[in-house]
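Please take these sequences and the hints and turn them into a complete structure.
Here the protein sequences come in this chain order: A and B.
For the first sequence, position 143 (counting from the first letter as 1) is numbered 142 according to numbering that gives the first Met the number 0, and the numbering increases by one without interruption.
For the second sequence, position 92 (counting from the first letter as 1) is numbered 91 according to numbering that gives the first Met the number 0, and the numbering increases by one without interruption.
Treat the hints as calculated values from the structure; they're not laboratory data.
Every value quoted in this text rests on a predicted model; they were computed, and no experiment measured them.
Beta carbons: idealized from backbone N, C-alpha and C, even for Gly.
Treat the hints with caution; some may be incorrect.
[Stated by the list, open to error] Here are the in silico distance ranges between beta carbons for each label pair: (1) A:V278 / B:R157: 29 to 39 Å; (2) A:T206 / B:D288: 21 to 31 Å; (3) B:S138 / A:S33: 46 to 56 Å; (4) B:P284 / A:E156: 19 to 29 Å; (5) A:K13 / B:L20: 57 to 67 Å; (6) A:Y162 / B:D288: 19 to 29 Å.
[What the hints assert, rightly or not] No farther apart than 30 Å at their CA atoms in a straight line, the calculated lysine-lysine pairs in the DSS-like style are these: (7) B:K99 / B:K206; (8) A:K311 / A:K336; (9) B:K179 / A:K276; (10) B:K209 / A:K276; (11) B:K179 / B:K9; (12) B:K206 / A:K263; (13) A:K119 / B:K28; (14) A:K263 / B:K209; (15) B:K314 / A:K276; (16) B:K9 / A:K276; (17) A:K276 / B:K320; (18) A:K276 / B:K132; (19) B:K100 / A:K276; (20) B:K9 / B:K100; (21) B:K320 / B:K9; (22) B:K14 / B:K28.
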Amino acid sequence: MSLSTEKDLILDLKSVNVKFKVEDDTLHILRDVSLSIPRGSFLCVVGESGCGKSVTAQAIVQLLPDNGEISSGEILFSQGNQVVELNQLEKFGKQMRGVRGAKIGMIFQDTLSSLNPAHKVGRQVAESLLQHLPISKGEARTRVIELFRKLGIPDPERRYEAYPHEFSGGMRQRVMIAIATICEPDLVIADEPTTALDVTIQAQIMTLLKDLQKSAGKTFILITHNMALVSEVADHVAVMYLGRVVEYGTVEQVLRDPRHPYTKALMASVPDLDADKNVELQTVDGQTPSPAEVTVGCEFAGRCPYVIAACKEKTIEMTQVNPGHDVRCVRLDENGKLPILASGALHE
Amino acid sequence: MSNTRTPLYKVGQIKKHFPVLGGVLRRTKGYVKALDGVDLEVFRGETISVIGESGCGKTTLGRMLALLDKPTGGELSFDFGQGLQDVTSLRGADQMRFRKKVQMIFQDPYTSFNPRQRVGAAMDEVLRVHGVKDEAERSARILEACEMVNIRPEYLQRYPHEFSGGQRQRLAIARCLATKPELIIADEIVSALDVSIQAQIVNLLLKIQKETGLSFIFVTHDVAVARYVGHRVAVMYLGNVVEILPADSLPEAAEHPYTIALLSAVPSMNPTAKDQRVALQGEVPSPIDMPKGCAFSTRCPSVMDICRTERPVLKISNISKGDHQVACHLNKGAK
Chain A
0 MSLSTEKDLI LDLKSVNVKF KVEDDTLHIL RDVSLSIPRG SFLCVVGESG CGKSVTAQAI
60 VQLLPDNGEI SSGEILFSQG NQVVELNQLE KFGKQMRGVR GAKIGMIFQD TLSSLNPAHK
120 VGRQVAESLL QHLPISKGEA RTRVIELFRK LGIPDPERRY EAYPHEFSGG MRQRVMIAIA
180 TICEPDLVIA DEPTTALDVT IQAQIMTLLK DLQKSAGKTF ILITHNMALV SEVADHVAVM
240 YLGRVVEYGT VEQVLRDPRH PYTKALMASV PDLDADKNVE LQTVDGQTPS PAEVTVGCEF
300 AGRCPYVIAA CKEKTIEMTQ VNPGHDVRCV RLDENGKLPI LASGALHE
Chain B
0 MSNTRTPLYK VGQIKKHFPV LGGVLRRTKG YVKALDGVDL EVFRGETISV IGESGCGKTT
60 LGRMLALLDK PTGGELSFDF GQGLQDVTSL RGADQMRFRK KVQMIFQDPY TSFNPRQRVG
120 AAMDEVLRVH GVKDEAERSA RILEACEMVN IRPEYLQRYP HEFSGGQRQR LAIARCLATK
180 PELIIADEIV SALDVSIQAQ IVNLLLKIQK ETGLSFIFVT HDVAVARYVG HRVAVMYLGN
240 VVEILPADSL PEAAEHPYTI ALLSAVPSMN PTAKDQRVAL QGEVPSPIDM PKGCAFSTRC
300 PSVMDICRTE RPVLKISNIS KGDHQVACHL NKGAK
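Written as structure tokens, this is what we have:
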């Protein structure tokens with residue numbers, strides 16, 4: 000059990016499967032998710048609601064809801080020279096608690112429910128320091144205030160004593176970033192951190208995260224549904240659909256040269272600021288199926304304009320179209336290109 | 000060019016102030032100025048996109064235009080066919096006549112239908128309320144509206160929970176269309192939907208607009224969608240419209256420093272966009288104690304002395320003229 004030596008990987012997911020028990024059913028939420036994340040990189044996981052992007056994040060830090068479990072696969076986390084198999088650790092055991100918060104920081108979308116309304120924010124940030132490091136309360140306070148200042152929270156001494164409701168959405172998200180990064184984790188997982196924020200505040204927060212990656216060498220996993228945001232911050236992109244990674248590559252490969260029909264559709268359905276108004280937005284027929292009703296073959300087959308019989312026969316494997324660029328689609332020819340549709344259903 | 004046409008709906012210096020209560024006696028301590036003197040003209044067959052960040056008053060403006068809230072001051076006049084007529088004082092049957100002409104669609108399609116009523120019945124009810132007495136005509140209208148939004152007629156027997164978010168939003172649009180309105184106010188109707196579904200609704204709105212020539216007010220926080228859907232875009236900041244300009248001229252023609260900053264904050268797939276970023280410092284001030292002069296003066300990168308004392312009004316742009324209006328002291332010598 001060792002990480003690939005070619006690249007310094009901080010996290011390596013190998014065929015992770017996650018199942019949820021819902022009443023009498025077992026839903027297969029993550030299907031063979033494999034992701035290799037090099038140290039110091041910025042990975043974006045994109046997809047629409049229900050594609051499993053948040054569950055991937057929860058599985059990594061072992062915070063799946065009680066009815067969910069990792070049924071197979073490996074999650075390898077490299078900690079210094081040591082490699083830990085996170086999925087083998089006891090969920091709330093000492094070792095996992097030592098990783099969560101200290102080695103892997105987490106930022107969630109809804110700041111108001113992630114912060115305790117009855118405690119001062121400074122204390123909530125200091126709490127994770129005191130939990131993981133042998134330092135005094137006074138020292139913790141100094142470090143929190145210092146970090147607040149670095150994250151652009153004005154008047155940090157006074158803000159340390161304030162309660163969450165006294166903060167605006169953007170400021171609360173900065174506090175969340177402070178909690179996630181105060182212990183200097185190597186890896187930070189941010190699950191839709193700016194979805195609830197206005198665009199000008201989103202730009203501020205994203206600049207902040209990007210700076211942390213560049214200056215402090217942290218690794219980021221950003222979970223989002225916003226393709227344009229991905230194009231601004233990501234180094235690598237994983238596109239997910241119904242629990243499966245359907246395309247993976249660098250941001251140039253995936254966004255400038257998308258190969259999977261779903262990635263293409265996802266990108267063409269959002270107008271950019273300089274979109275041609277005479278070109279209709281591309282739509283995907285139907286909606287994402289429920290994980291309960293999935294049969295064999297490609298999960299996207301039911302909505303895909305390129306669908307043929309072979310798509311529905313067996314599970315589609317990832318194929319490499321370019322070094323580092325993998326796509327899960329059988330319709331690609333030997334050059335890794337999709338056939339040109341006669342019906343013109345896609346605006347190529 | 001806008002001076003020669005008569006508007007369908009004219010909004011003059013509309014204000015909405017919500018009282019802030021405080022103390023043991025719940026006395027009025029101050030006012031939240033959600034709308035502070037907005038001027039807007041909506042023409043027939045036109046879509047105006049209203050954009051701005053949370054708290055800028057865009058939803059309040061939409062509700063005010065649909066007469067769902069009473070304005071604190073200002074004028075609202077609508078053209079029923081015999082020229083502009085004040086609508087704030089309408090009561091009873093006259094007000095119903097207005098409501099039939101001006102319909103609203105809301106953000107959340109889950110709560111805008113009664114969960115215990117079949118969607119067909121919900122649509123029928125709206126028509127009955129608006130005085131369509133003939134049952135055959137009611138069902139003909141409902142079917143026509145459903146066809147326009149691509150909902151199969153047999154779906155009308157279903158309950159709201161049996162539909163997906165996108166379908167429910169299409170049903171809400173059909174319910175609106177059935178009354179044959181002249182203006183539809185759509186408040187963030189695509190923000191709760193996934194992007195591929197959002198595109199369906201956006202394409203549908205554009206199709207309906209082309210086919211029926213209806214006027215739309217499209218309230219959204221998504222600048223790119225606003226530009227794509229609208230003929231004109233009105234940018235709001237803290238209860239004021241700071242700039243109105245033809246959508247096609249965006250993003251290049253934007254003049255107000257806030258519009259420029261807002262546009263540059265929108266993430267883009269275009270790699271060159273990053274270089275022209277204007278980062279706004281700080282956050283939107285509280286609408287309870289607004290800055291004295293220009294509302295944007297506290298964050299504006301090109302603030303001048305006059306901005307802090309005198310509030311700029313909406314004037315025709317000096318640079319692009321025509322349909323482009325901007326409220327900024329930088330727009331010098333404008334009339």
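Hint check results:
In this structure the supplied range 29 to 39 Å holds for V278 (chain A) paired with R157 (chain B), their Cβ-Cβ distance being about 34 Å. Between T206 (chain A) and D288 (chain B) the C-beta distance comes to about 29 Å, which sits within the given range of 21 to 31 Å. Look at S138 (chain B) against S33 (chain A): about 54 Å separates their beta carbons, and that is inside 46 to 56 Å. Separation of P284 (chain B) from E156 (chain A) is about 22 Å and conforms to the stated range, judged on CB atoms against 19 to 29 Å.
Take K13 (chain A) and L20 (chain B): their Cβ atoms lie about 59 Å apart, and the range 57 to 67 Å holds. Between Y162 (chain A) and D288 (chain B) the Cβ separation comes to about 21 Å, which falls inside the hinted range of 19 to 29 Å. Between K99 (chain B) and K206 (chain B), the direct Cα distance comes to roughly 21 Å. Compliance with the 30 Å bound is thereby established for this hinted pair. With a C-alpha separation of about 20 Å, the suggested pairing of K311 (chain A) with K336 (chain A) holds against the 30 Å cut-off.
Only pairs whose Cα atoms come within 30 Å are accepted, and K179 (chain B) paired with K276 (chain A) is accepted, the gap being roughly 26 Å. The suggested pairing of K209 (chain B) with K276 (chain A) holds, with an alpha-carbon distance near 13 Å, which does not exceed 30 Å. About 20 Å separates the Cα atoms of K179 (chain B) and K9 (chain B), which keeps this hinted pair within 30 Å; it holds. Taking the CA atoms of K206 (chain B) and K263 (chain A), the gap is near 23 Å; set against the 30 Å cutoff, the hint holds.
For the hint pairing K119 (chain A) with K28 (chain B), the CA-to-CA distance comes to about 27 Å; that is within 30 Å, so the pair holds. Restraint check: the Cα-Cα separation between K263 (chain A) and K209 (chain B) comes to about 27 Å, which is no more than 30 Å; the hinted pair holds. Distance hint between K314 (chain B) and K276 (chain A) is fulfilled; the C-alpha atoms sit about 27 Å from each other, no more than 30 Å. For the hint pairing K9 (chain B) with K276 (chain A), the CA-to-CA distance comes to about 27 Å; that is within 30 Å, so the pair holds.
With a C-alpha separation of about 23 Å, the suggested pair K276 (chain A) and K320 (chain B) falls inside the 30 Å cut-off, and the hint holds. For the proposed pair K276 (chain A) and K132 (chain B), the alpha carbon gap of about 41 Å is over 30 Å, so the pair is violated. At roughly 28 Å between alpha-carbon atoms, K100 (chain B) and K276 (chain A) fall within 30 Å of each other, so this suggested pair holds. Restraint check for K9 (chain B) and K100 (chain B): satisfied, since their Cα atoms lie roughly 14 Å apart, inside the 30 Å limit.
Of the supplied pair hints, the one linking K320 (chain B) and K9 (chain B) holds, its CA atoms being roughly 21 Å apart against a limit of 30 Å. For the hint linking K14 (chain B) to K28 (chain B), the alpha-carbon distance of about 18 Å falls within 30 Å, and the restraint holds.
In terms of the numbered hints stated before, the structure departs from hint 18 and from no other.
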